[in-house]
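Asker: Let's have the full structure, built from the sequences with the hints guiding it.
According to mature numbering (1 follows the signal peptide of the UniProt record, and there is no 0), the residues represented by the sequence shown are -20 to -1, 1 to 271, in order.
All the pointers check out, no bait thrown in.
The following label-pair restraints were derived from C-beta to C-beta distances:
id, residue 1, residue 2, range
1, Gly57, Glu181, 33 to 43 Å
2, Cys51, Glu253, 39 to 49 Å
3, Glu255, Lys54, 39 to 49 Å
4, Gly68, Arg148, 55 to 65 Å
5, Leu117, Gly57, 17 to 27 Å
6, His170, Lys53, 24 to 34 Å
7, Asn93, Gly68, 41 to 51 Å
8, Asn91, Arg55, 22 to 32 Å
9, Asp203, His223, 28 to 38 Å
10, Arg133, Ser207, 19 to 29 Å
11, Gly68, Pro227, 42 to 52 Å
Bear in mind the hints are in silico, worked out from the structure with no lab data behind them. The beta carbon of each residue, even a glycine, is placed where N, CA and C say it ideally should be.
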Amino acid sequence: MKGKWLLFLVLIGLIVLSDAAEKKRRRKHKKVEKSEAEPSSGTGVSQDIIDMMTADEENVRGGYDQIDDPCAKKRCGAGKECKISDSGEAECRCVESCLPEVDDRRKVCTNHNETFNSDCELYRMRCLCTTGSQECLGPKYSHAHIEYYGECRDMPECTEQEMDDFPRRMRDWLFNIMRDLAARHELSPHYLKLEKEAEVEQSKRWANAAIWKFCDLDGHPHDRKVSRHELFPIKAPLMALEHCISPFLNKCDVDDDHFITLREWGKCLEIPEDELEDKCEDVRGVAFNEI
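Answerer: Structural data, given as structure tokens:
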């Protein structure tokens, strides 16, 4: 009898252990399912929050990236910078402030013989004056431009005799520069053709050199005239050596519209007008019918 009770207790124990194991297995299975489901659910919630925060950050930045930024394709002139208006459009405004310059070589001397700390400061002032800002220091700055880099210094006056001889020296200088560039293979085929013609035909020496330099100075846009700003590459290097260069170029602008046409350029260099006709077409591919 005692043996039967012992066997009965063993069977009951096995049943209890088996049931406990089954419950444990089910709990473990549910835990696994839950742990597998949580990442999916959790990731979705986290991603929504990330998306929302990203959207808020974009709103703080104005909601523009490099692709659809209205200022990405907006070109602003010297002294101006692109700003986005309240309506979301790109517009050019005067530079709010310029970075401080500690290098004296960054200073510029203007056509009013005044020194500015940088070209940015000068162009900013010109912008303020052309837009009628109260920060403008005077109407004369509406047409202010750089004469040369560095602080302003006293320049000897160009005498009448020096001015009379300057066109000849300028023509020679232009041809010598053109010839040196050809020797160093730094001329385009179009310019090289003009240089070779000038070497062979004495009558084309000065005219071709003058045409080459005019077309070279006429930067973007190629509007068949050279602005004060576009004259800077030829003016600044010569200021220390040729004190007549500034009054000479001022004299070239006959109608005082701050631009020099090919006709004015040739007349200033004392080159017959018929020698300049249509010569720039070979260089730029643009017909000069209104020179």
